[in-house]
Amino acid sequence: MTDMLYRDDPYLAEAGARVMAHTPEGGVVLDRTIFYPTGGGQPGDSGRLEWDGGGVSVATSVRTDEGRIALVPGEPLALPPVGAELWQVLDWQRRHRFMRMHTALHLLSVVIPLPVTGGQVGEVRSRLDFDMPEAPQDRETLETYLNMLVDRDLAVTEGWITDAELDADPGLVKTMSAAPPRGAGRVRLIAIGAGEDRVDLQPCGGTHVARTGEIGTLRLGKIEKKGRQNRRVYLHLDG
17 MTDMLYRDDP YLAEAGARVM AHTPEGGVVL DRTIFYPTGG GQPGDSGRLE WDGGGVSVAT
77 SVRTDEGRIA LVPGEPLALP PVGAELWQVL DWQRRHRFMR MHTALHLLSV VIPLPVTGGQ
137 VGEVRSRLDF DMPEAPQDRE TLETYLNMLV DRDLAVTEGW ITDAELDADP GLVKTMSAAP
197 PRGAGRVRLI AIGAGEDRVD LQPCGGTHVA RTGEIGTLRL GKIEKKGRQN RRVYLHLDG
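Offset between the sequence shown (1-based) and the numbering used here: plus 16.
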């Protein structure tokens, strides 16, 4: 298994690593990585790998069938040899926008407290799909509430519960379309706020900012009908 440095410290933009393997598709598997792999509606990270005598851009990062994380080269250049020590450099601006937007989508699920049927994290525009028969009529109020949560500068923290504890409290899962990441006997929880100020708690394997004030101004976008019981709500990052 690849050591997931991005989960321990999502602000880590550079780090060393060693090449463990190459995938048949031409990906690079490291023993430890700062690159978040595509999953949970969040795109895989991009950046660059540098080693003695070479370098290659990373277009994205994905999980392999074996549970490892493979970095996908963005150009047809020679790969670092297995066993080589190298340096990882993240496209930090892109990652940070994903962190801000992913955390913002958690807030969107707070102001629209309905089951989530899907979602996608983007750099400046993201979306959540809700089990919602009619579009909300109070868009300005929802947008104001969103930005109030941002302005409160609430702490965003992680915790862990066992699979059995999650099964005993299924209300923690907001997303109907995808099960929480499991496999290690425990599930990661993301909390926004603490104590009486906690506004959200849900399973999530993505990367997030440390405080909601880091998100910046949010703008509620268009709301599309995607079925009799489904509405797609877009969220924009302004500034």
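If you're looking for bench data, these hints aren't it; they were derived computationally from the structure.
Just to be clear, a hint being listed does not mean it is correct.
Derived pair list, reagent style SDA-like, types lysine to any residue, alpha-carbon separation capped at 25 Å [said to hold, decoys possible]:
no.: 1; residue 1: Lys241; residue 2: Pro129
no.: 2; residue 1: Lys242; residue 2: Ile177
no.: 3; residue 1: Lys238; residue 2: Ser125
no.: 4; residue 1: Lys242; residue 2: Arg227
no.: 5; residue 1: Lys238; residue 2: Gly134
no.: 6; residue 1: Lys241; residue 2: Asp185
no.: 7; residue 1: Lys242; residue 2: Thr157
Across the chosen pairs, the derived CB separations fall in these ranges [unchecked claim]:
no.: 8; residue 1: Pro92; residue 2: Ala184; range: 42 to 52 Å
no.: 9; residue 1: Arg202; residue 2: Trp67; range: 32 to 42 Å
no.: 10; residue 1: Pro131; residue 2: Gly42; range: 36 to 46 Å
no.: 11; residue 1: Glu150; residue 2: Gly71; range: 44 to 54 Å
no.: 12; residue 1: Arg34; residue 2: Leu93; range: 35 to 45 Å
no.: 13; residue 1: Arg168; residue 2: Val98; range: 18 to 28 Å
no.: 14; residue 1: Arg155; residue 2: Gly134; range: 16 to 26 Å
no.: 15; residue 1: Asp47; residue 2: Ser73; range: 17 to 27 Å
no.: 16; residue 1: Val98; residue 2: Met164; range: 47 to 57 Å
no.: 17; residue 1: Glu240; residue 2: Ala75; range: 25 to 35 Å
no.: 18; residue 1: Gly211; residue 2: Pro131; range: 22 to 32 Å
Beta carbons: idealized from backbone N, C-alpha and C, even for Gly.
We went through each hint and held it up to the structure:
1. In summary, the hint linking Lys241 to Pro129 is supported, as the alpha carbons are separated by about 18 Å, within the 25 Å threshold.
2. A distance of roughly 34 Å separates the Cα atoms of Lys242 and Ile177; the hinted pair therefore is violated under the 25 Å criterion.
3. In summary, the hint linking Lys238 to Ser125 is supported, as the alpha carbons are separated by about 16 Å, within the 25 Å threshold.
4. Restraint check for Lys242 and Arg227: not satisfied, since their Cα atoms lie roughly 32 Å apart, outside the 25 Å limit.
5. For the hint pairing Lys238 with Gly134, the CA-to-CA distance comes to about 16 Å; that is within 25 Å, so the pair holds.
6. The suggested pairing of Lys241 with Asp185 is violated, with an alpha-carbon distance near 31 Å, which exceeds 25 Å.
7. Taking the CA atoms of Lys242 and Thr157, the gap is about 23 Å. The hint holds against a cut of 25 Å.
8. Look at Pro92 against Ala184: about 50 Å separates their beta carbons, and that is inside 42 to 52 Å.
9. Range check, Arg202 to Trp67: about 35 Å between beta-carbon atoms, so the 32 to 42 Å window is met.
10. In this structure, Pro131 and Gly42 meet the distance hint of 36 to 46 Å, their C-beta atoms being roughly 39 Å apart.
11. A C-beta distance of roughly 53 Å is found between Glu150 and Gly71, which places it inside the suggested range of 44 to 54 Å.
12. Look at Arg34 against Leu93: about 19 Å separates their beta carbons, and that is not inside 35 to 45 Å.
13. The hinted window of 18 to 28 Å between Arg168 and Val98 is violated, with their beta carbons roughly 48 Å apart.
14. Evaluation of the 16 to 26 Å hint for Arg155 and Gly134 yields a pass: the beta carbon distance comes to about 20 Å.
15. Our hint of 17 to 27 Å for Asp47 and Ser73 holds, since their Cβ atoms are close to 21 Å apart.
16. Against the hinted window of 47 to 57 Å, the Cβ-Cβ separation of Val98 and Met164 comes to about 52 Å, which satisfies the hint.
17. The hinted window of 25 to 35 Å between Glu240 and Ala75 holds, with their beta carbons roughly 29 Å apart.
18. In this structure the hint that Gly211 and Pro131 lie 22 to 32 Å apart at CB holds, the actual value being about 26 Å.
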